[in-house]
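Undergrad: Sequence:
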Amino acid sequence: MQYDAIFIGGGAASFFAAIQLTKIIPGLRCAILEKGKSVLNKVRISGGGRCNVTNVISDPRMLSEHYPRGGKSLISPFHTFSSADTCQWFESRGLPLTAESDGRMFPITNKSESVIQLFTGLAGKNGIDIITSCGVKGLEKTDDGFWNLESVKGVFKTHLLFLGTGSSPAFWKVLKDLGHRIVNPVPSLFTFNITHPVLQGLQGLSISNAELRIPGAKLKSRGPVLITHWGLSGPAVLKLSAFGARELHHLDYSFDLRLCILQPQRVDKTLSKVKEKNASNRTGLKLFEEIPKRLWHSLLEYNGIDPDSPWVSVSKKQINSLKESLHSLDLEVHGKSTFKEEFVTAGGVDLRDIDLKRFSSKVCDHLYMAGELINVDGITGGFNFQAAWTGAWIAGTSMAEDLQRDN
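Residue numbering for the sequence shown is 20 to 426, as defined by this note's numbering.
Hints in this document: simulated from the structure, not taken from any laboratory.
A portion of the hints provided could be inaccurate.
Here are the simulated DSBU-like pairs of lysine-lysine, each with C-alpha atoms no more than 30 Å apart in a straight line [claimed, not checked]:
#1 Lys160 to Lys54
#2 Lys336 to Lys292
#3 Lys305 to Lys239
#4 Lys156 to Lys381
Computed spacing ranges between beta-carbons, pair by pair [said to hold, decoys possible]:
#5 Glu266 to Pro216: 23 to 29 Å
#6 Ile64 to Ala298: 49 to 55 Å
#7 Leu270 to Thr117: 35 to 41 Å
#8 Asn167 to Asp275: 49 to 55 Å
#9 Asp425 to Thr357: 42 to 48 Å
#10 Ser152 to Pro188: 18 to 24 Å
#11 Arg200 to Met81: 28 to 34 Å
#12 Arg200 to Ile43: 26 to 32 Å
Keep in mind it's a predicted model, so treat the numbers as computed, not measured.
For glycine and all other residues, C-beta sits at the position ideal for the given N, C-alpha and C.
The task is simple: from the sequences and hints, build the whole structure.
TA: Here it is, written out as structure tokens:
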């Protein structure tokens with residue numbers, strides 16, 4: 020079977036690139052090959068089934084700061100196609116996006132199925148074949164400049180080849196054999212396994228704006244923290260795991276973590292005078308609005324303070340100990356857990372081997388790639404999808420230019 024262009028991997032990047040190519044040059048023979056039984060699976064589960072399409076941040080430099088790997092390299096591509104362009108793309112095709120207070124953007128329907136229907140509908144309209152259960156086992160560049168793809172459904176031949184396989188050890192090996200450098204992949208966007216008396220039984224509670232630090236390292240993050248039955252999760256944890264992906268991998272995910280629930284100055288100001296101002300009040304009555312009641316009681320008990328006792332009965336030593344727990348609670352991380360659908364990989368095809376003006380290979384002609392296959396990854400909030408949209412849009416445009424030039 021011969022095509023003008025083939026897109027391996029039935030995910031967001033492949034669909035976006037294929038739709039862009041066939042928009043510029045209608046009537047092309049194009050196919051998306053997916054090894055699984057269905058396409059766009061990550062789109063389907065993203066954002067809890069709502070699909071976090073992108074983020075409101077559209078300034079290329081500000082946008083780039085949300086990528087632990089590849090951020091600076093994305094500044095120029097974001098000037099070509101940013102999150103504002105993504106919003107316009109979806110709206111012009113009948114699916115406006117809406118922003119939430121944290122900057123995440125979702126389809127106005129709040130359903131990922133709307134994105135899937137849009138993509139598959141456009142693919143059908145543009146004549147793109149979607150072939151599922153079609154795992155590709157090998158690639159070969161022929162002497163006449165074409166690509167031969169050996170698959171479980173036979174051999175495919177194509178002039179242009181796009182790889183949107185996501186984090187794929189098999190394709191990293193294929194690309195390495197073709198001469199590309201591969202940055203060793205390690206996990207990113209994971210949660211921390213922690214056992215600590217203060218956290219015991221508090222799963223589901225969140226701290227609105229905590230700071231996390233790793234003593235002895237330059238790693239820190241600030242934001243919401245969620246207590247889980249296995250430890251800690253939430254945006255601040257995921258951000259720390261992303262920016263510290265390689266260092267934490269080197270530590271084998273066993274390290275000390277310092278949780279700052281409140282800033283030291285505020286803690287000191289309130290607790291230094293608590294015995295004078297609140298002498299007869301029960302210690303169990305919250306002093307800090309942002310700390311959930313059950314967490315406050317757990318902190319008191321951890322420091323030997325009875326939530327039913329008055330402040331006047333609490334010793335100075337106990338108050339000092341409570342202060343420290345509020346601004347410097349030392350925890351031990353002993354492993355990681357995958358964060359639902361947000362798990363990504365740090366690593367992939369070295370950006371030195373990719374022309375980011377075209378999202379094409381510098382090693383092989385007529386080979387293009389985008390998404391998690393390359394060494395770019397973002398934090399949560401729609402940033403990984405945005406990198407995929409940007410790379411795929413540029414790749415699809417470049418493929419059209421190359422076809423027009425070659426013909």
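Undergrad: So, for every hint listed, does it hold in this structure?
TA: To see whether the hints hold, each was checked on the structure:
As the CA atoms of Lys160 and Lys54 are separated by approximately 21 Å, the hinted pair is consistent with the 30 Å bound. The hinted pair formed by Lys336 and Lys292 meets the criterion: a straight-line CA distance of about 14 Å does not exceed 30 Å. Of the pairs offered as hints, the one joining Lys305 and Lys239 holds, with about 27 Å between alpha carbons and a cut-off of 30 Å not exceeded. Between Lys156 and Lys381 the CA atoms are separated by roughly 23 Å; this keeps the pair inside 30 Å, and the hint holds.
Taking the beta carbon of each, Glu266 and Pro216 are about 27 Å apart, inside 23 to 29 Å as hinted. Separation of Ile64 from Ala298 is about 53 Å and conforms to the stated range, judged on CB atoms against 49 to 55 Å. Take Leu270 and Thr117: their Cβ atoms lie about 40 Å apart, and the range 35 to 41 Å holds. Roughly 53 Å separates the CB atoms of Asn167 and Asp275, a value that falls within the hinted 49 to 55 Å.
Taken as a hint, the range 42 to 48 Å holds for the pair Asp425 and Thr357, whose Cβ atoms sit roughly 43 Å apart. As the Cβ distance of Ser152 to Pro188 is approximately 20 Å, the hint placing it in 18 to 24 Å holds. At about 29 Å, the CB distance of Arg200 to Met81 agrees with the hint of 28 to 34 Å. Between Arg200 and Ile43 the beta carbon distance is about 31 Å. The supplied range of 26 to 32 Å therefore holds.
The structure meets every hint from the earlier list without exception.
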